[in-house]
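Same order as they appear, the protein sequences are chains A and B.
Each residue of the first sequence is one higher than the last, beginning at 1 in our numbering.
Each residue of the second sequence is one higher than the last, beginning at 1 in our numbering.
Hints were generated in silico from the structure; no laboratory data involved.
Heads up, the beta-carbon is just placed ideally off N, CA and C, and yes, glycines get one too.
It is possible that some hints are incorrect.
What follows is a set of in silico ranges between Cβ atoms, one per label pair, in the way DEER data are often shown [claimed, not checked]: (1) B:N124 with A:N16: 47 to 57 Å; (2) B:N184 with A:W90: 27 to 37 Å; (3) A:N16 with B:R441: 28 to 38 Å; (4) A:V302 with B:E512: 37 to 47 Å; (5) A:D299 with B:N61: 50 to 60 Å.
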Amino acid sequence: MKRYLILEDGTVFPGNAFGARINTTGELALYTGATGYQETITNDNYTGQIVAFTYPQQGATGINRDDYEAIQPTIKGMVIGENYQLPSHWQAQMTLDLFLQAQRIPGLMNVDTRRLARHIAKYGNMKASFMDTHDAHAHDQIKALVIANNQVNQVSTKQPFPSPNIGKNVVVIDLGLKNTVLRELSKRQCNVTVLPFDTDSGMINTIAPDGILVSNGPGKPEALTKTIATLKTVQERYPIFGIGLGFAVMALVNDVPVLPRKVSQHRINLAVREKITQNTNFAAQNSSFYLPELPANSDLFVTHVAVNHQEVLGYRHRYLPNFAINFDPEAAAGPRDTLHFFDDFIDLMDANISRKQRLE
Amino acid sequence: MSKRTDLNKILVIGSGPYVVGQSTEFDYLGTETVVTLAQAGYHVILVNSNPATNMTDRYPNVSVYLEPITLKFLTEIIRKELPDAILANVGGQTTINLVLQLRQSGLLDQLNIQTIGTDLTHQNPATDVDQFQDLMAQLQLPLLNSLLINDQGQIPQAIERLGWPIMVRPVNSIGGTGGGLAENRAQLEKVFNQATAISPFHQVALSQSVLGAKEIEFEVLRDHADQVAAIFNCEQLNQVGIHSGDSIALAPIQTLTDRQVQSLREMAINITRQLNVIGSCNIQFAVDTKTNQVWILKATARLGRTSAFAAKALGYPLAKVAALLAVGLRLDEIDHPYEQGSTALVEPAFDYLVCKFPGWSFDRVSGADRTLGAEMKATGEVMVFDRNVEAAILKGVRSYNLRIDHLWKAEIAALDDDQLTAYLIHPTDEEIFCLAEALRRGYSVTDLSHISKIDAFFIQKIKNIVQLEQELVDHKAEIDVLKRAKYYGFSDLEISRLWEITTDQLRIFRQEAKIEPGFQEINSIASNPLVHSQQFFITYATENEMTASESKEKVLVIGSGPTKVGQGSEVDYETVHGLEELRRLGYETILLNNNPDAYSTSVNLADHLYYAPINAEAVLNIAAIEQPTYVITQLGGKSASKLTAALERAGLKILGASGAALNQVHEPEKMQRLLADLHLLGPRIRQITEPLADATSQEWARQLPYPILIHPNPEHRFSPTEILKSAADLQHYLTRFNRDLANYPFTIREFLSGDKYEVDGIYDGEQVLITGIMEHLEHSSLHSGDAMTISPARNLSDSMLSQIKQVFLAVGQQLGMRGFMNIRFLVKDDLLYVLAIDLKGSRNLAFINKMTRESIIALGVKVLMGSRLTALGYQNNPVLTTANVHVRIPVYSFTKINQRQKLAKAQMKTTGEAIGSDLTFEKALYKALEAARQPLPAYGRILFSVASHDLSRGLEMAQRFKRLGYQIVATAHTATKFQRSGLATDFVHDIGQRQPDIATEISQGKIQMVINTTEWRGPVSMSGALLRELSVMHNVPLITTLDEAEAILTVLESRAFAIEPL
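Extracted from the complex, chain B is given alone in its bound form (with noise of 0.2 Å):
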């Protein structure tokens, strides 16, 4: 037997931009598989609407579809196509649920299309959880106990037969959004109806609780001869409750015995063929800590996050072979990534442990709330490996947030007792910081084991840790101390810091006491360590392993670590394109990364590949052992960057922008005097360095130019930008954040309002290529990566654009650098201002790649790599064009509610784009609305529900929608305004006022679209937050910004027929 030839054409489906839940994972996933199978022979007919990720390149042999993923779409596609068969498995649940709609479309069986993996077309156990739970009872399996309800009347049924505490949770909803515990009727009525509300079918799961139990998971390998393989288990640090993508988990399982290992090694691999799968199927179990009882939490039978995290805790190539399986290919034919003559049928010998570290971007949206629960709030993960859970700990935490560099937060040593205690009882994303002030603080193992339910053994960890802290107090430059706090993962600015020295001091005693880093070969296949993977690990507790080869010039490129808000897989995009342009010109590549969902950390994608935190420690570390020629910070975002002076500062030689020119740029006094000396305008800035009495009271502080944008530090901490509108406003601000000083010095800039444009470059010390220039759509919008864009500039005049090519000239002999320059400008009455400058790869190259047609990214390597433009074909400061228009819209995704206060703050977060490409504006963008799963209605009733400085244009477009046909909803003081302007309004409650109120109107499928905006400044109103979260929910489109409004009615207007009587 050997892969299939009756099939040509295989469809291919991904999923789409990303939110939380669903994140960058399907990044790596999915472009395993679409490379495996173009590679395999087929012709791959791939649909993503995503930009930012590598699936959706031009591979040979993959047409690539970057349109939306609605059924609309797919049926088009489909029918111009006709592929032989189509694949499910890399799209996440949005797209299983719209693979079941195309079966029931007919359109699968009309045209013969075959499902290949595990069908996840037909509703089966595998794809419906009715069909599961009978599954499960049949067999006898330990499935939780749980029953679906959609009325009230039959809570009395549910609490007979679940006991208390019960698990709510509605059916379907995005990673469980609208849940929680109820401990008795009261709480039990209460969250049911918030479920009810929340869930599309109005449908609740309840289900026995089973918290305090520990959480384990298994990944299973099946292919159609029915041989399996458990690839992959692994324990969550956190109790059952917490929502598995917010939990730090360590592989392989740490607390269990062999006999219970087996045990739920058997029932996942007995699941695993029951639902007749072939690839990869993830299953959950809870398991008791007094007995032996396990339960099943939950089976999925496609690629997902674990799998990501076990492809590389592994260097097993999982979703490669997953398409190789569902290609009729069988596991023992399948190659071993790295054992000569071993096959990918194994199941794998740790000799190393591996920790996955979930990280959440609470930082960036003021006011969030950190409880974790049943409702997944992490935006990424990272990955660290190590030979002990201390080390693994200690790096896990300095790898995601890159200020943070041991187990310690000042808001948090600040708590008092009974703070600290809350916050463990209620855990949230800082309960790991919370457990090691606690132990500082003299509580017991078993004390806080019982608080946090987090079993003994990993807080002893946490103690090991701390104790180790006070040993490195007293015992100051003493060989032994220092050697075990190494072994155990302290950096060398943690240990500097305790021993009140600097870390080139250290780090100097430390080479003299012999104390270096050894690199670990990752090769799962403990019985065979000689085997060569090529992907490392740095540890103290082994020798190393790695002998770093002489024969080329190497290049070492430094990733751009765990997915953010802001910063989704289009970085690594720059960073794996990057790696493959060096590796074409000949170059020995080496990346150090720590992301799991990168698809740069596939196997093989760098000669050598070493995970740690992406901090100067490790870049030092590594660049000691392997001698590279040179260093690349420019392709992995802000992290990479923000090295390059430490880098420098060692004596490596960094290509690209030196340290110097980045801190000309980046630190707001510098700019202003590189903008002045090169006759440039820009914003007028200003620093708060200390704290004021009053800012009402300064001269200065009344005569600023309001409104105002400011930041805080941002070497400390990340905040959003907010805009001020007069000096008490400022002083309100500075009041929230007096609390730590180091939050300054404060940034205020000069509020500028007019047309925005990103423009991105490649400048090689002479010419400049601009490769991309983007506009705006939203005037107001703070972040760039919030804002609507469209692409080509509309209304760019050349003299404006010469000026444009002038300021990257001048910039770039100024500083003196050579390649990738991103740089933000504003237009405002003919004038050109230059809002920022960044001297590294943008966010938008993975973007511009793809519409540009021409590789950006390998042109800009070899300018750095000393290329000159005019040798590679481009004359005279070209700008690449495109033949379409592009649609960029950011995704949106909720913090989720909270489960105890009833629906307090929720926060809107952009966590990823779709893109629309089309002939015209108007279809770009109804093609972006389309992808980013917010269709445009074509008739029924709007709701508006808008801030008071947008009434009166509010007010105009409402009249325009009603022109059209539409018909206008709106809310208190909205509703007010439009019915005396005399608009036909409706008027709708509030939430939780008299019914009907729009929470119910939106879950009845009354209103088709909704359009609101908010105040400045302030906390958005609870009801502002609901609305939004109920809008995603029920796939109502959401409109935020009436700039992005009046490009939706243009769209509208468009399409639409004049249609008035004589």
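Bound conformation, chain A alone (with noise of 0.2 Å):
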């Protein structure tokens, strides 16, 4: 069947659906990597975006139960060149036509995602929706839509739920949380809580975790107002581990303002330079927000940089034991060289620990 995705400026890009046959909107987001649909499409870090991919040959694979970054998807859409619809893979349980069906994601191939991803580059973000026509009716629909500001309150954990083990004890502030960083957590043995955006200081003392790890998830960091003011109560009492989106807060936290990039970067090929040590590694990243640089009087200081474009991609409190990262060192898809974080969160509250013993 014809459709059509819409761009909120009248760009119309034709296409065959697939996936469910609904109408929806969202922010177009585009992923530059050649792997990992199924994980980028499980990716709540996603949520409310219609996301296209840029190499032009996805579904080879299938979906299989092993690359859930969440059970349930909270895309808008997904728009791609070719749709293979017959997976050839061992692992492969359903084809990508199905699984976007049964969730109820609309789904549009045969697009010339090339020409849309051009477009992007040169216009910027832009909101784009699917629909069964092309008329002026549907762009007036289109400019019309307000896409809501509260993504991360759709897709935050509404309860707090456990992730148990026998090691240390860590709040993970969900802001859009991805499997991996659960499994990466769990594999160094964390006993995890897993707690909604909007925590108050008092949950959190409660528990009284050894460490905080602030996740990645989508939509602007100004609006998370409550997590921003529980993270400034708290920040003195416990390392903190920001990723993405949490390195957005958490620079917010400390006065610091991020700025929105005028293309949203969904990349599976960042080169990250550590500051200190010179080495440099490849990351995925998903982030609508940049930090050029770090003001002169800042308590914070830069730890890691982009190789390629001037950007900050890490940074650490002078005082505090409180790191961020612009990028996604649990990967999922993409490169897994900056696994190492998570050790070095670990080792931080390790730290954390014997200092307060000594205090005592």
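Hints are included, so try docking the two chains, each in its own frame, into the full complex.
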């Protein structure tokens, strides 16, 4: 069935429908990895977004049971070039098409995603809609639509839940948590409690964790006033590790503003340099905000920068055991060169425990 | 940190002549390395005996030694030049073996010469198989379970460790020759015996068989600061077990999950670090299709075939980067080739896919064994880009062999079901055609995947193509179907065939329907799709991204496409020099080419580079958008020249020779008329236009001037020219080709025997400049590329020379052309015959350009663009001269032994050439032989095995060898003849007969040179073929004509002292 992706500036991209045949609207995100579509469409960092894939062929490995990043995907749609309808992989349990149908997510295939990517690169992020027609009426509809600003609210857990283990006591603030983050903590035996984004400090103090991880997630950091307020109160008491949106939130906690990107980055080939060692690694990145540099008088200092563009990718607090990075160390999808940040987090908690013991 | 300043002179060792398995990829890799180092301010000392490569060109800051790559010559050069460092990563396996010897000889330590880049001069895990195995075990990395044995007694132990089936590979054979698969004890013993005989070390590697697994390759870059980038990965369409050089490869990986890709990437990086690579490393994996099991097959810590593929697929100058890493730069200190502000420390994000298509030259060898296996047989490759696999496959199919336009071959369509299945089980180079045919006959994807062990993903893609064929047939003149057919890569030619209209009609229909191609810019940075690389591919799956400039005059140069037997990098050399000169003259340059191994497809060599099949459709598409002022088809070999007429018809302005002129010299009958009109002599020609009942009963056939030369219609198939001696032979020959009527007309030429000359010239409309004359050393050679040549010519009289000039002037004027010409002459009884005329740059130009010390190609380009020779300083039809004597000899490769039917049908092919230059003919010949890795023995035993018509001349030579102190060994009838004539001759049994046979003698080092000539016609005998194989394997010089033997005798006699008793 012929359908259309219509951008808010009126540009039309025709294609063929797959997945659910429903109309949705969301901000368009361009994922540039050649692999990893299952991880990407189930990644809650894309909540409310329509994800387009720049690599022209998708679907060859189907959907398997191991590569979900969330059990219920929250994206608003998937836009691809070729859709390989007959997966040929021993792990495949169903096709991409059936999965999207079951999850009530619309897909559009045979779209010229190169043209789409070039359009976005020229004009910046914009919202888009799936439509059955592309007349003036449809354009007016999409223009009139206001995209909700509460993506984190939609995707964050409503209730605290545990992910028990026998090691460090860790609180995860869920802004759009991926399964792999929990898995990495679990591998390190962390006894995790996942808390909603609007948790108050009382709840955290009740748990009295060894450390807090602020996850990556969708939407704008400024909207997360409650999260920012809570973290402001507790940041002196606990080691904190911020990832992605967590990086932006922790910057705001420390009164450092972040800037929105003209084109948000969803890639698995970001070259990251650690300043102190000059080590470089490749990492996955899902990010709509960036930090060009830190103000001179900030309590934060730069630990990681991008190799190929001017951008702060990691900072640390001068006095507190807090650090944050603007890429995804857990990968999934993407290179796992920077998994060691989870170890760094454990070390940070260890150091804090011994410091506290010394003080006592 | 920046580039090293403690080094001044760097010795770079090239790869020598091309052979199958080590080919023109080193043209790109080597040239870019040398140019990079020189531009970085180092004085480069280059040693490479290959005259056909851009690498051995004259660049500022480079001293080129066009000398043999042997220990002896290297030592001499090193002592003379005293380099500070040595770089060995662009020379392939042979060069690495050699630098290991250099290190062992103590010379590098004595002169304190450092190794830069990856250390390939010491025995370490990067250079030594045993140490690599130990390292992998230590790291607990899953190396394919294997062991080295040299004794049959170790077989039971091996079976226990590996299980069935077992892969057998002789150690250190070229391109894996002599290996095979064994499924039981008896087979294993048989293959083992064959393999030990072929390994120079009599050692055999046995490994667990992972047949059916997917094969994945990674290319990883690493700098001295331990920064790494997994710059490239690709997936082979064919299963493990087919040599990766023989497999269609797609980048990026197509059928694995991200989890799998990442775990392979990690392993690849880990291995690169453990091998301490500074530069590039290639790692091959086998990936199971049913579990998470992965095996490491191989790691190559130097540049190679995949490096060239990676570089061109990404538009990333990988060889340049590797060279800069070797002199101390870090990846993030090197600028990205086209993304401003970015560095070379990147991993790509593809938003297109790239397909590497191997090409074979089986058509050029009669009776070749086309089965594919562990041994590489491909002689070249093309690269295609698109946005779906279907289009990539279809473009690949029509890019290598330009006679093929679609996934369809008459021979395959004619097979019955049983034959077809057999072909699918034992894959040949035509496997992909067989798969398409099977799908047309209704085989299921699952069954075919099961039979062929090719992932169903790819077979489904082929099925999509086949289904679309049917749709096209069912829906003629429907825009929607046409749109999809173009989207999935169908050619205009194929669609017009299915629609039963002409291509011109289709073209008009398509243009009226506004189905026009897009040009996607290749930039491998999906997150920044607006970046300009100035490299494009043609696709119907996205819009046009090319904006043509209007400021300058533009010249479109048609490149030569893939490397083939008879067309190595020497043609690309013309393209490169042409582009450079056009740029100097102020033109904007546009190049169409599709060879990843070519230097011409390097970043920024042309202002705009297009990757597409080299056919009229592609050129017209490019011309429509670029609007070039001129098109040059003279600098891209045969495939470019052939397009001339079609391009002219479409209104393009072609420089050089017109389509009509080309037609006059290529159509045998027109050519004969042309010669007659100009009062020139040529061989008598006759064509057979239709099948004959019986040639022997035809009067004219009996009256032909036997021996004659014959070949089938070259437009239909390339088949080597053969010599026939009688009407019976002719009848036999025609019967062989009768199956296919398209082989008609056959062309018959009188076989003339005499002194042959290949002469190159540049004609400006009034005058000619003779740029080079090469004399053939062999009288009977059929193809010019197979002949040993000497330049300058030795026996050409002044009057003959002036006659030759007159021919050039007359032909040039008659045809109204200008630019490059190549004419082959024969002199017999003081009469000059014209054998062939070509109106393009000949394959000799690269060689000539180097020996004349003037850029002939630049000169020719100036003439093409309108300059007069007089204005360029050449008056009165001059001949360019040279100080030295140059001998060029062909270098042979062998199609490999079939794994299943033991030693059947080996065939020899010329794949490269070597050159020797010195002050005298003898020294030059000596060097050429050394360069071709055929060193002349100073003493020892010479094996004669000559055809019956060579017996008397052979005897005379054997006697001369004997006088020089050599002993003579001979087989069967040769020995009988020699002994009867009183020459002391050792008799040796033919292969496979009683011991000691030739195989044993050669592999035990008891024979130092082989002189082997074969009968004029008919299949090469099994033992004859094996004899050649063995000689090459054991580095025993192999002489295949008595003319060559004669030349060698001259060398040996000239350096021998007369030792006679008083």
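Checked hints:
1. B:N124 with A:N16: 47 to 57 Å: 55 Å Cβ-Cβ, so the 47 to 57 Å window holds.
2. B:N184 with A:W90: 27 to 37 Å: holds, 29 Å
3. A:N16 with B:R441: 28 to 38 Å: holds, 30 Å
4. A:V302 with B:E512: 37 to 47 Å: violated, 60 Å
5. A:D299 with B:N61: 50 to 60 Å: Holds - the Cβ-Cβ distance for D299 (chain A) and N61 (chain B), about 53 Å, lies within 50 to 60 Å.
In the structure shown, a violation is registered for the earlier hint numbered 4 alone.
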